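S.K.: Sequence:
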Amino acid sequence: MSTPERMGIDSGRRNRIPRQLTEEERARLDEFLDGIHYSTRYSDSEYEYRHVQLPKAMLKAIPSDYHDKAKGTLKLLWEDEWRGMGITQVCTAMLQTGWRDADYITEPWLGTL
Numbered sequence: 001m002s003t004p005e006r007m008g009i010d011s012g013r014r015n016r017i018p019r020q021l022t023e024e025e026r027a028r029l030d031e032f033l034d035g036i037h038y039s040t041r042y043s044d045s046e047y048e049y050r051h052v053q054l055p056k057a058m059l060k061a062i063p064s065d066y067h068d069k070a071k072g073t074l075k076l077l078w079e080d081e082w083r084g085m086g087i088t089q090v091c092t093a094m095l096q097t098g099w100r101d102a103d104y105i106t107e108p109w110l111g112t113l
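Using UniProt numbering, you'd call the opening residue of the sequence shown number 1 and step up by one each time.
Check before you lean on any hint, since a few could be wrong.
[What the hints assert, rightly or not] Simulated crosslink set (PhoX-like; lysine-lysine; CA at most 20 Å straight-line):
| # | residue 1 | residue 2 |
| --- | --- | --- |
| 1 | Lys56 | Lys71 |
| 2 | Lys69 | Lys56 |
| 3 | Lys75 | Lys60 |
[As the list claims (entries may be wrong)] Label-pair restraints from in silico Cβ distances:
| # | residue 1 | residue 2 | range |
| --- | --- | --- | --- |
| 4 | Thr40 | Gly72 | 24 to 32 Å |
| 5 | Asp44 | Glu23 | 37 to 45 Å |
| 6 | His37 | Asn15 | 21 to 29 Å |
| 7 | Gly35 | Lys71 | 16 to 24 Å |
| 8 | Asp80 | Ala57 | 22 to 30 Å |
| 9 | Ser11 | Glu46 | 12 to 20 Å |
| 10 | Asp80 | Gln53 | 19 to 27 Å |
| 11 | Glu25 | Lys69 | 14 to 22 Å |
| 12 | Ile17 | Lys71 | 19 to 27 Å |
| 13 | Arg41 | Gly72 | 20 to 28 Å |
| 14 | Thr22 | Tyr42 | 29 to 37 Å |
| 15 | Glu24 | Glu46 | 37 to 45 Å |
| 16 | Asp65 | Asp44 | 25 to 33 Å |
| 17 | Gly12 | Asp34 | 28 to 36 Å |
By construction, these hints were calculated from the structure, which means they are not laboratory data.
Note that this is a predicted model, so its numbers are computed, not measured.
C-beta atoms are modelled at their ideal positions from N, C-alpha and C, and glycine is treated no differently.
I would like the entire structure built from these sequences, with the hints used as guidance.
M.R.: Set out below in C-alpha cells:
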C-alpha cells in the first residue's frame with residue numbers, strides 16, 4: 001500500500017489530528033449539502049478517483065482552520081473531517097488516503113477523493 005508521502009501528498013497541509021466540527025459549525029453547513037457535486041468515477045492503474053465540487057458559498061461556512069491560507073484552498077482533510085462536513089459519496093479505494101492533494105486544483109471549492 002502506498003503511503004501519502006510516497007504518493008507525493010504533503011501531509012503537512014492537514015491538521016495534526018482530525019478536528020471535528022462543533023454542532024453549530026455542522027448546522028451552518030447543512031443548507032449546502034444538496035449543492036455538493038460529485039463527478040463520475042475514473043481511475044488509473046492503481047486508484048479510483050472522484051472530484052468533489054463544493055458550493056462556493058459553503059466555503060465561507062467552513063471553519064478557517066480547515067483552509068490552507070498559503071494555497072487558497074481547503075487543507076488536505078482527514079476522512080473524519082470531510083465526512084463531518086457532509087461529503088459522503090467516496091470511492092472505497094480512496095478511503096485509505098482521504099483527500100488527494102492535487103496541485104492542479106486551484107479553485108478552493110474543488111477536491112479529489
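S.K.: Could you tell me which of the hints above the structure violates, numbers in ascending order?
M.R.: none
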